[in-house]
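There are 2 protein chains.
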Amino acid sequence: MFTSEMIASFNDLETDIYNYVITHEHEVIYMRIRELAEHTHVSTATILRFCKKVGCEGFSEFKTKLKLELKSRQSVVKSGEHAVMEFFERTLSSDQETVLEEAVQMLTQADNVLFVGIGSSGILAEYGARYFSSLGKFSMYIKDFSYPIHNRLQKNSVSIVLSVSGENSFTIKQMNRLKREGSKVISITNNKQCTTAKMSDLNLAYYMTEEYYEDTNITTQVPVIYLLETLARKLNQHEQQRNEILEDPHE
Amino acid sequence: MFTSEMIASFNDLETDIYNYVITHEHEVIYMRIRELAEHTHVSTATILRFCKKVGCEGFSEFKTKLKLELKSRQSVVKSGEHAVMEFFERTLSSDQETVLEEAVQMLTQADNVLFVGIGSSGILAEYGARYFSSLGKFSMYIKDFSYPIHNRLQKNSVSIVLSVSGENSFTIKQMNRLKREGSKVISITNNKQCTTAKMSDLNLAYYMTEEYYEDTNITTQVPVIYLLETLARKLNQHEQQRNEILEDPHE
DNA sequence: ACACCCTGTGTCAGAAATGTTACATGGGAC
DNA sequence: GTCCCATGTAACATTTCTGACACAGGGTGT
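For the record, the sequence lines run as chains A and B.
Add 126 to the 1-based position in the first sequence for the numbering used here, that's all there is to it.
Add 126 to the 1-based position in the second sequence for the numbering used here, that's all there is to it.
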């Protein structure tokens with residue numbers, strides 16, 4: 127609320143006001159500007175100038191800010207300690223952004239997108255394919271690994287490979303096949319220390335603590351959905367921009 | 127700023143206001159109460175009542191709070207995808223907890239869980255069924271609506287119905303059929319103002335801003351995955367506790 | 001069908017508060 | 001002395017806030 131620079135810049139009268147305010151916080155938040163002026167023995171105009179000086183537009187804004195400050199001081203922050211929360215804090219603050227940008231670049235240049243995954247990752251792959259298609263990017267989910275992929279699809283395609291552990295042998299086999307056939311590969315795995323991540327052209331890792339229940343991996347997949355949706359949205363934005371430029375290069 | 131209880135308690139007009147505010151945040155903070163009233167096609171009194179409802183003493187307090195929220199947001203998160211963040215803040219802080227607990231209660235008593243959904247919600251339903259099964263709760267995803275459900279499955283079952291809009295006619299039809307056959311219904315929808323929510327025994331709503339791209343609904347489904355996983359985990363915990371008590375009633 | 005009530009909403013007037021402005025004052029610096 | 005700056009004053013404009021009331025629609029009981 128009050129930075130040290132502010133306090134340093136106060137003159138005598140303002141210091142008086144400041145002192146009064148901090149010693150009577152709980153009363154000030156209910157006062158009218160005239161009351162405060164009276165209590166501090168200054169004019170309302172001075173109070174108002176004071177408010178502006180500490181970064182408020184007016185007296186009422188000053189009061190609400192003070193009020194909020196008081197409240198936040200007494201209430202201890204909760205939430206916080208949640209795994210998923212941590213993921214979002216990481217992605218939103220750090221520069222996973224740049225990796226995402228690279229992925230979008232790659233996807234923009236592709237004519238079609240193939241999704242690969244097994245088990246629950248398979249379901250998410252299906253979701254991804256659907257979401258991408260909804261946003262206008264041709265994409266499909268490869269369910270059956272022996273399914274013959276048409277030549278047209280292999281040309282100039284990007285595959286998005288999903289795997290939590292990154293060690294599923296079927297997934298790896300399929301990824302190899304796709305690479306051999308000239309598809310670029312983006313993998314989304316829980317961490318970068320796995321075969322899938324190492325073998326792909328680009329890797330997005332989300333680093334949740336891996337959890338198991340009687341041998342099945344039950345690590346949360348919330349980040350995967352988030353990454354897939356974000357990719358699709360960014361891609362869509364990107365392509366739309368590109369189209370605008372192509373259509374009308376002078377604007 | 128807006129907790130999920132608040133949002134849930136909004137009626138039509140208030141929801142309109144809410145939607146306008148969050149889509150025009152940066153304008154609202156400069157508006158007079160009359161302007162906002164005009165833009166949202168309601169009276170100033172309604173705006174004022176709205177402000178009080180969301181925990182502000184008056185309109186000016188509302189504006190300052192909004193202003194502060196905007197500022198704090200830009201300093202922490204960078205642009206864009208804060209929508210999902212908001213969901214987590216809401217759920218983690220507020221007590222959506224109690225609704226989740228009720229759901230878990232209901233699920234504990236059921237012998238099996240049926241997942242229902244169409245389109246992308248269908249994929250998520252499949253994911254849910256798989257996740258529940260991984261955690262030891264017998265559950266299945268009903269893909270084909272004409273699929274004859276075995277009697278054994280109908281007895282003492284809970285259905286989890288997924289639908290973003292909550293208005294898909296197939297889903298509703300299927301829900302009706304399940305209800306008729308004695309299954310309890312938990313629905314997971316984007317908001318409570320929809321047929322699906324109203325018709326179910328229990329509703330979990332996540333309140334993301336609905337987004338469309340050329341008529342298809344592309345609202346984020348991150349909360350759905352989160353809710354499904356959380357349900358499964360809590361359920362598992364709960365059942366484990368119960369078993370411990372049954373096995374060894376003295377500890 | 002009717003009366004009744006309750007709730008949500010709008011309207012309006014006027015009180016109360018804030019914000020603005022122009023000007024007065026007064027004390028120091030030059 | 002006089003010029004300037006900080007402050008006070010006071011009237012006025014603007015805005016918010018309050019309260020009373022009207023009105024519509026839905027539900028309920030008779």
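These are calculated hints, taken from the structure and not from any lab test.
It is possible that some hints are incorrect.
Identical copies go unnamed one by one, so any copy, or any two together, can satisfy a pair.
Cross-link-like lysine to aspartate or glutamate pairs, in silico, DMTMM-like; alpha carbons within 20 Å at most [stated by the list, open to error]:
1) Lys269 x Glu195
2) Lys360 x Asp341
3) Lys360 x Glu340
4) Lys360 x Glu336
5) Lys191 x Glu340
6) Lys179 x Glu228
7) Lys193 x Glu293
8) Lys324 x Glu151
9) Lys360 x Glu337
10) Lys179 x Glu365
11) Lys197 x Glu164
12) Lys191 x Glu151
13) Lys197 x Glu307
14) Lys197 x Glu187
15) Lys360 x Glu293
16) Lys179 x Glu337
17) Lys193 x Glu183
18) Lys193 x Asp237
19) Lys299 x Glu187
Here the structure is a predicted model, which means the values were calculated and not measured.
Hints versus structure:
Neither within a single protomer nor between protomers do Lys269 and Glu195 lie at most 20 Å apart by alpha-carbon distance, with minima of 43 Å and 45 Å respectively. For the homomeric pair Lys360 and Asp341, the shortest alpha-carbon distance between copies (19 Å) is at most 20 Å, but the shortest distance inside one copy (36 Å) is not. For the homomeric pair Lys360 and Glu340, the shortest alpha-carbon distance between copies (16 Å) is at most 20 Å, but the shortest distance inside one copy (38 Å) is not. Taking CA atoms no more than 20 Å apart as the test, Lys360 paired with Glu336 passes between copies only; the shortest distance there is 17 Å, against 28 Å inside one copy.
Within a single copy, Lys191 and Glu340 get their C-alpha atoms no closer than 35 Å, and across copies no closer than 42 Å, so neither meets the 20 Å cut-off. For a Cα distance limit of 20 Å, the shortest separation of Lys179 from Glu228 qualifies neither inside one copy, at 26 Å, nor across copies, at 45 Å. Within a single copy, Lys193 and Glu293 get their C-alpha atoms no closer than 35 Å, and across copies no closer than 43 Å, so neither meets the 20 Å cut-off. In this homomeric assembly, Lys324 and Glu151 never come within 20 Å of each other (Cα to Cα): the closest approach is 30 Å inside a single copy and 44 Å across copies.
Taking the shortest alpha-carbon separations for Lys360 and Glu337, only the inter-copy value of 14 Å comes in at or below 20 Å, while the best intra-copy value is 30 Å. In this assembly of identical chains, the alpha carbons of Lys179 and Glu365 never lie at most 20 Å apart, being 39 Å within a copy and 42 Å across copies at closest. In this assembly of identical chains, Lys197 and Glu164 lie within 20 Å of each other by CA distance neither inside one copy nor across copies; the values are 26 Å within and 32 Å between. In this homomeric assembly, Lys191 and Glu151 come within 20 Å of each other (Cα to Cα) both inside a single copy, at 11 Å, and across copies, at 18 Å.
Proximity of Lys197 and Glu307 under a CA criterion of 20 Å is satisfied in neither setting, with 52 Å inside one chain copy and 50 Å between copies. In this assembly of identical chains, the alpha carbons of Lys197 and Glu187 lie at most 20 Å apart whether taken from the same copy (15 Å) or from different copies (14 Å). Proximity of Lys360 to Glu293 under the C-alpha cut-off of 20 Å is found in neither arrangement, the shortest distances being 28 Å within a copy and 28 Å between copies. In this assembly of identical chains, the alpha carbons of Lys179 and Glu337 never lie at most 20 Å apart, being 26 Å within a copy and 42 Å across copies at closest.
In the homo-oligomer, the alpha carbons of Lys193 and Glu183 lie at most 20 Å apart both inside one protomer (16 Å) and across protomers (11 Å), since each shortest distance falls under that limit. Taking the closest pair of Cα atoms, Lys193 and Asp237 never come within 20 Å of each other, the shortest separation being 50 Å inside a single copy and 44 Å across copies. Taking identical chains as interchangeable, the C-alpha atoms of Lys299 and Glu187 are never at most 20 Å apart, the minima being 46 Å within one chain and 52 Å between chains.
Taken one by one, the earlier hints fail for this structure at numbers 1, 5, 6, 7, 8, 10, 11, 13, 15, 16, 18, 19, listed in ascending order.
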